[in-house]
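This is what each chain is made of:
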Amino acid sequence: MADFLRQNAGRFFANNKKGENAELLADLNSEYRDRRKDAVKRVIANMTVGKDVSSLFPQVVKNMQTEDLEMKKLVYLYLMNYAKSNPDLVILAVNTFVKDTDHVNPLIRALAIRTMGCIRVDKILDHICEPLRKCLQDDNPYVRKTAAIGVAKLWDLDQERALENGFVTVLQDLVSDSNPMVVANAVTALAEMQESSVSKDVFVVNVAIMNKMLAALNECTEWGQIAILTSLADYRPLDSKEAENVCERVIPRLQHANGSVVLSAIRVLMIFMRYIKSEDFIKGMIKKMSPPLVSLLASAPEVQYVSLRNINLILQKRPDILQNDVRVFFCKYNDPPYVKREKLEIIIKLCNDKNIEQILSELKEYASEVDVEFVRKAVRAIGRCAIMIDEASERCVNVLLDLINTKVNYVVQEAIIVIKDIFRKYPKRYEAIIPTLCQNLDSLDEPEAKGSLIWIIGEYAERIENADELIENFLETFLEENSQVQLQLLTATVKLFLKKPAQSQEIVHRVLQTATNEIDNPDTRDRAYVYWRLLSTDPQAAKAVVLSDKPPISVETRTISPALMDELINNISTLASVYHKPPKAFMGNRAFSADAVKTAAAADARDEEQIIGDAVLDASGAPAPKNVMTDLLDLDFGSSEPAYTSPPVSSSKPASNNGPNYSADLFDMSSDMSGSSSSVFGGMGGMGGMGGMQQQQTQHQQQAPPPARNDPFGDLGGLGGFGQPPQQQQQQPTKPTQSSAENDLLGLF
Amino acid sequence: MIESLFVLSPTGKVIIEKHWHELIPRRVVDYFNEQVSKAMTEGEDVTREDVLPIIASPKYQLINVYRDGLTYLSPVTKEVDPMMVFEFLHRIPDILQEYFGQVSETVIKENFVTVYQLLEEMMDDGFPLTTEPNSLKEIVPAPNILNKVVTTLGATTSVSTRKMPHGMSNLPWRKAGVKYNSNEIFFDIVEEIDAIVDSTGKAVSCEAHGTIQTNSRLSGMPDLTLSFVNPRLVDDCSFHQSVRFNKWESDKVLSFVPPDGHFRLMSYRVNLPSQQNLPIQVKPSINIGANGAKFDITVSLRSTDGKPVENIVLTLPLHKSTTTLTAQCNVGQYMFDPVGKVLRWDVGKIVPRERAPVISGSFGFGSASDAAANAGYNIGVEFLINSHSLSGLKVDVLKLFNESYKPYKGVRTMTKAGRYQVRA
Numbered sequence: 001m002a003d004f005l006r007q008n009a010g011r012f013f014a015n016n017k018k019g020e021n022a023e024l025l026a027d028l029n030s031e032y033r034d035r036r037k038d039a040v041k042r043v044i045a046n047m048t049v050g051k052d053v054s055s056l057f058p059q060v061v062k063n064m065q066t067e068d069l070e071m072k073k074l075v076y077l078y079l080m081n082y083a084k085s086n087p088d089l090v091i092l093a094v095n096t097f098v099k100d101t102d103h104v105n106p107l108i109r110a111l112a113i114r115t116m117g118c119i120r121v122d123k124i125l126d127h128i129c130e131p132l133r134k135c136l137q138d139d140n141p142y143v144r145k146t147a148a149i150g151v152a153k154l155w156d157l158d159q160e161r162a163l164e165n166g167f168v169t170v171l172q173d174l175v176s177d178s179n180p181m182v183v184a185n186a187v188t189a190l191a192e193m194q195e196s197s198v199s200k201d202v203f204v205v206n207v208a209i210m211n212k213m214l215a216a217l218n219e220c221t222e223w224g225q226i227a228i229l230t231s232l233a234d235y236r237p238l239d240s241k242e243a244e245n246v247c248e249r250v251i252p253r254l255q256h257a258n259g260s261v262v263l264s265a266i267r268v269l270m271i272f273m274r275y276i277k278s279e280d281f282i283k284g285m286i287k288k289m290s291p292p293l294v295s296l297l298a299s300a301p302e303v304q305y306v307s308l309r310n311i312n313l314i315l316q317k318r319p320d321i322l323q324n325d326v327r328v329f330f331c332k333y334n335d336p337p338y339v340k341r342e343k344l345e346i347i348i349k350l351c352n353d354k355n356i357e358q359i360l361s362e363l364k365e366y367a368s369e370v371d372v373e374f375v376r377k378a379v380r381a382i383g384r385c386a387i388m389i390d391e392a393s394e395r396c397v398n399v400l401l402d403l404i405n406t407k408v409n410y411v412v413q414e415a416i417i418v419i420k421d422i423f424r425k426y427p428k429r430y431e432a433i434i435p436t437l438c439q440n441l442d443s444l445d446e447p448e449a450k451g452s453l454i455w456i457i458g459e460y461a462e463r464i465e466n467a468d469e470l471i472e473n474f475l476e477t478f479l480e481e482n483s484q485v486q487l488q489l490l491t492a493t494v495k496l497f498l499k500k501p502a503q504s505q506e507i508v509h510r511v512l513q514t515a516t517n518e519i520d521n522p523d524t525r526d527r528a529y530v531y532w533r534l535l536s537t538d539p540q541a542a543k544a545v546v547l548s549d550k551p552p553i554s555v556e557t558r559t560i561s562p563a564l565m566d567e568l569i570n571n572i573s574t575l576a577s578v579y580h581k582p583p584k585a586f587m588g589n590r591a592f593s594a595d596a597v598k599t600a601a602a603a604d605a606r607d608e609e610q611i612i613g614d615a616v617l618d619a620s621g622a623p624a625p626k627n628v629m630t631d632l633l634d635l636d637f638g639s640s641e642p643a644y645t646s647p648p649v650s651s652s653k654p655a656s657n658n659g660p661n662y663s664a665d666l667f668d669m670s671s672d673m674s675g676s677s678s679s680v681f682g683g684m685g686g687m688g689g690m691g692g693m694q695q696q697q698t699q700h701q702q703q704a705p706p707p708a709r710n711d712p713f714g715d716l717g718g719l720g721g722f723g724q725p726p727q728q729q730q731q732q733p734t735k736p737t738q739s740s741a742e743n744d745l746l747g748l749f
Numbered sequence: 001m002i003e004s005l006f007v008l009s010p011t012g013k014v015i016i017e018k019h020w021h022e023l024i025p026r027r028v029v030d031y032f033n034e035q036v037s038k039a040m041t042e043g044e045d046v047t048r049e050d051v052l053p054i055i056a057s058p059k060y061q062l063i064n065v066y067r068d069g070l071t072y073l074s075p076v077t078k079e080v081d082p083m084m085v086f087e088f089l090h091r092i093p094d095i096l097q098e099y100f101g102q103v104s105e106t107v108i109k110e111n112f113v114t115v116y117q118l119l120e121e122m123m124d125d126g127f128p129l130t131t132e133p134n135s136l137k138e139i140v141p142a143p144n145i146l147n148k149v150v151t152t153l154g155a156t157t158s159v160s161t162r163k164m165p166h167g168m169s170n171l172p173w174r175k176a177g178v179k180y181n182s183n184e185i186f187f188d189i190v191e192e193i194d195a196i197v198d199s200t201g202k203a204v205s206c207e208a209h210g211t212i213q214t215n216s217r218l219s220g221m222p223d224l225t226l227s228f229v230n231p232r233l234v235d236d237c238s239f240h241q242s243v244r245f246n247k248w249e250s251d252k253v254l255s256f257v258p259p260d261g262h263f264r265l266m267s268y269r270v271n272l273p274s275q276q277n278l279p280i281q282v283k284p285s286i287n288i289g290a291n292g293a294k295f296d297i298t299v300s301l302r303s304t305d306g307k308p309v310e311n312i313v314l315t316l317p318l319h320k321s322t323t324t325l326t327a328q329c330n331v332g333q334y335m336f337d338p339v340g341k342v343l344r345w346d347v348g349k350i351v352p353r354e355r356a357p358v359i360s361g362s363f364g365f366g367s368a369s370d371a372a373a374n375a376g377y378n379i380g381v382e383f384l385i386n387s388h389s390l391s392g393l394k395v396d397v398l399k400l401f402n403e404s405y406k407p408y409k410g411v412r413t414m415t416k417a418g419r420y421q422v423r424a
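Chains as they are written, first to last, in full-length UniProt numbering: chain A, 1 to 749; chain B, 1 to 424.
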């Protein structure tokens with residue numbers, strides 16, 4: 001050792017900062033204790049700013065042999081820091097550590113065992129086992145609880161060694177310790193070890209362990225309570241009675257100032273609730289859960305954020321919670337944007353016919369905020385309210401009209417998009433406002449808003465006197481438009497023609513001509529072909545197809561599938577509950593638990609996609625990647641607002657299908673084929689196959705797509721997916737009443 | 001598990017780092033700084049406060065808290081309870097505040113050794129350990145003038161070195177053998193009002209968040225019972241660890257053996273009805289055109305039981321395009337910050353039946369815009385009322401058991417504005 005020290009010192013002096021370190025060296029060797037102590041402090045200070053003080057190591061360690069507690073602690077502090085970066089150096093002091101685990105002062109014993117655990121090299125294993133065993137049985141609870149964590153540290157280095165030495169058993173015994181703090185630390189250590197253990201039998205919560213944990217719950221520190229509650233959540237009660245008993249013991253924890261204790265308690269309650277049969281008891285629990293959740297909203301914004309994400313989950317599971325508390329979710333102007341957006345989500349979830357008035361005036365207030373993204377969300381929220389609550393729709397429309405009158409560009413555009421949905425939900429109810437909308441025609445520059453207004457014009461062409469002029473107006477820039485707008489224009493023009501053939505024969509002809517000859521985008525071109533042939537073959541059929549009733553839309557405030565929901569409830573107050581994703585989905589390579597992986601795989605792909613979309617939006621403020629397919633087939637709008645869904649959807653589409661390029665390719669292929677066969681339904685068949693989303697389906701036009709799954713893009717996929725040979729498909733449009741589903745879908749064109 | 005902590009200066013430099021489990025390389029801080037500056041360039045008025053508190057990186061989840069210019073960053077590699085991380089990260093500046101009176105880059109640098117010792121005591125292997133300031137102060141002595149003098153003179157400082165750590169007595173929050181010549185206990189009931197008030201003066205949402213800060217200087221093991229005149233007012237509450245929860249559930253009294261010194265006995269929340277009489281009324285009127293606006297704001301007292309309202313400050317954030325402002329006020333003084341675009345009016349104190357303070361004036365936008373003309377305005381309000389509790393919660397009596405002395409008891413109440421804003 002002496003050699004090593006000399007070498008080390010030599011290297012140092014050859015290098016740099018001679019002055020300061022030389023001075024420190026002198027002071028560390030001083031005969032005055034306080035000068036030495038002061039020197040150690042300066043060494044630590046230098047160390048924290050990243051200066052290399054490792055050369056002083058032997059002199060510092062020499063000062064460890066002292067009865068001065070403060071000095072000893074300082075040296076330990078120095079060693080603790082070096083334990084991470086230079087474990088080989090620190091292990092030189094191991095004999096002093098071992099000696100100190102016999103010190104009369106329990107603080108020193110604990111400090112020694114704690115520091116030894118922090119030295120993460122294998123060599124320490126030979127030295128630590130005996131002292132650790134001693135400390136686990138120490139008379140002093142402070143030492144025992146420190147040693148409990150020490151076992152977890154040893155486990156992390158060498159699981160075999162920990163098992164061989166019986167430390168796991170000792171730790172399991174500590175769960176019955178008389179001191180609640182020791183119990184809490186034993187639980188903490190065991191839970192951590194369980195997670196990384198291969199056999200998963202280190203810590204299995206049974207009735208006996210649960211009772212011991214419950215007994216310690218009230219007495220230990222807040223952090224101990226979190227550990228105990230987290231472990232309790234893994235226990236599955238045998239019957240309703242037992243579940244009720246546990247809940248009764250846990251409910252007082254809701255009254256804790258630490259938000260993590262509150263949420264951990266709520267997790268236990270939400271999980272155990274599944275086992276409780278008594279409705280009254282559940283009602284009582286729900287009632288007690290609301291006030292603490294509300295109180296969390298008075299905390300720091302970060303705590304609010306996690307709370308809001310969790311409240312969002314809990315509300316989807318138990319819509320009866322927080323029913324009378326919508327006011328507390330109203331946004332303060334200086335809330336951070338991430339808090340505001342979460343609050344808005346919850347306001348919508350709590351919206352009902354009693355509080356709608358209050359919520360509407362609140363949303364209107366938000367529409368005048370500075371944060372554009374938030375304003376858009378608020379406007380969309382008004383639309384969601386209108387669609388959710390029939391009786392309130394008129395008031396919502398009035399608010400939207402007020403907003404349109406502000407002439408603030410992005411507000412107007414967002415409002416028009418929202419009104420389009422209201423028109424879909426309540427056809428023919430609000431025609432009177434169409435002129436007001438049309439006044440804003442020139443200010444629209446976003447494709448979605450433009451498309452929405454065009455859709456409205458096409459849909460109500462017979463009621464709008466100058467519909468042809470309006471369409472004409474848009475057509476001036478037809479070729480420059482984004483494909484979404486082009487598609488809407490095509491459809492709207494055809495609608496106009498079917499409703500007012502006299503005025504618009506020329507227009508429709510021109511549009512179809514342009515679209516088929518001058519537009520390269522296969523989506524637009526193909527649709528134009530379909531219309532053209534439909535119109536030239538059988539205008540009656542075209543009418544039945546294009547002007548048929550649309551499938552109703554509804555607002556889905558519960559965006560998570562039941563399977564994923566249950567898993568997320570199991571994970572309340574974790575990162576999974578913040579992301580609304582199973583832990584596996586974002587914690588990289590690390591499998592969280594076998595259960596999680598299974599449920600994650602089973603989780604509804606569609607749900608995941610929606611949530612992921614949301615998360616992307618939240619995280620980056622950028623719009624979520626759009627599913628082009630959905631755009632094409634579901635009214636060209638659906639996907640950007642996942643809350644709107646066309647009815648029954650259940651899907652298990654392949655993950656690759658949301659790549660826009662992929663679908664574009666498909667279209668390319670099908671359009672080429674339809675061109676060559678020059679058959680209307682060649683194109684249709686191609687599209688159907690594309691809706692079914694399997695590339696090979698489109699490989700050959702004559703090949704009927706295999707029976708396809710139900711597909712969220714709606715019914716067009718269904719058309720391709722019925723497994724009918726193309727010949728049969730050709731006959732369908734002439735018998736438009738054959739299948740209402742097909743009509744619905746065709747009506748979208 | 002909270003593996004590591006980095007405390008970053010306002011410029012993103014590492015002031016202090018601490019690794020409780022494995023070493024996490026400093027590179028992660030660079031990645032974090034990049035993400036923060038990226039987020040802040042996304043919008044023109046995105047501030048540091050607006051950056052998400054959980055940022056995903058390829059390898060870590062970067063959980064961070066921003067407080068008083070400093071960032072407390074904890075990168076985690078495993079699933080974790082983020083609420084626990086936030087609670088813990090907030091506890092660090094809380095405790096530094098308790099120790100040093102203020103928290104800043106300089107303060108941390110001047111007290112490196114103490115800060116390190118604290119971080120060491122607060123956490124072991126990624127699991128929070130001791131965060132109760134009372135307990136910490138026994139393990140890590142707070143720097144005081146005596147300490148400093150002693151250190152500089154080079155005399156011995158073994159004053160607090162022989163004490164036993166916590167976890168020894170049956171009551172972890174109270175040490176044994178406390179002795180005072182005069183026994184006294186003080187309760188400070190402070191209520192903060194969080195409210196959103198609309199332009200007609202009606203409260204859109206309104207709640208009082210109260211805390212009972214206690215300073216106990218009592219000998220021995222006193223067992224106290226504090227009761228209220230009207231405890232049913234409270235909608236939600238949380239207590240110090242010492243309070244016996246069952247007693248509160250059954251009798252609505254606080255029964256506890258207090259820690260020694262300062263601690264927070266109870267926090268509570270009272271929902272105030274929307275027809276609640278608020279202590280002051282702020283009447284704004286802002287007439288906006290395309291180029292600017294005329295405004296006047298009147299402040300008047302409403303119901304304060306005849307008590308004066310002090311330290312009234314109104315802040316009116318203006319639209320970003322605002323360039324000029326002129327105003328006059330009959331009371332106090334105003335200031336326009338042309339960079340932050342905020343009008344701040346220090347009203348001072350209003351005594352009942354005095355004339356109402358008014359500020360009026362106009363501001364102009366640099367260029368005409370619909371967005372500026374339609375923007376909503378909110379006024380932040382601060383005030384303070386001594387000896388007043390808006391919720392009406394009142395202490396009835398404090399009884400002492402288990403000790404024979406008669407302590408001196410003091411109760412003070414105060415109401416102040418929390419997040420209190422008026423929509424114009």
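Hints listed in this document are in silico derivations from the structure and should not be mistaken for laboratory results. Honestly, I wouldn't trust all of these hints.
As the list claims (entries may be wrong) - Only pairs whose alpha carbons sit at most 20 Å apart, straight line, appear in this in silico PhoX-like list of lysine-lysine:
(1) A/K62 x A/K99
(2) A/K364 x B/K202
(3) B/K109 x A/K407
(4) A/K287 x B/K252
(5) B/K78 x B/K59
(6) A/K287 x A/K277
(7) A/K317 x A/K288
(8) B/K109 x A/K51
(9) B/K283 x B/K202
(10) A/K425 x A/K349
(11) A/K332 x B/K202
(12) B/K294 x B/K283
(13) A/K332 x B/K283
(14) A/K332 x B/K294
(15) A/K499 x A/K428
(16) B/K109 x A/K41
Said to hold, decoys possible - Selected chain A positions facing chain B (Cβ under 7 Å, derived; list incomplete):
(17) A26
(18) S30
(19) D52
(20) L77
(21) K153
Since we're looking at a predicted model, the values are computed, not measured. Heads up, the beta-carbon is just placed ideally off N, CA and C, and yes, glycines get one too.
How the hints compare with the structure:
no. : hint            : result
1   : A/K62 x A/K99   : 14 Å, holds
2   : A/K364 x B/K202 : 17 Å, holds
3   : B/K109 x A/K407 : 53 Å, violated
4   : A/K287 x B/K252 : 18 Å, holds
5   : B/K78 x B/K59   : 10 Å, holds
6   : A/K287 x A/K277 : 17 Å, holds
7   : A/K317 x A/K288 : 16 Å, holds
8   : B/K109 x A/K51  : 14 Å, holds
9   : B/K283 x B/K202 : 11 Å, holds
10  : A/K425 x A/K349 : 19 Å, holds
11  : A/K332 x B/K202 : 15 Å, holds
12  : B/K294 x B/K283 : 14 Å, holds
13  : A/K332 x B/K283 : 18 Å, holds
14  : A/K332 x B/K294 : 24 Å, violated
15  : A/K499 x A/K428 : 16 Å, holds
16  : B/K109 x A/K41  : 12 Å, holds
17  : A26             : 15 Å, violated
18  : S30             : 10 Å, violated
19  : D52             : 15 Å, violated
20  : L77             : 6 Å, holds
21  : K153            : 6 Å, holds
Comparing the model with each earlier hint shows violations of hints 3, 14, 17, 18 and 19; every other hint is respected.
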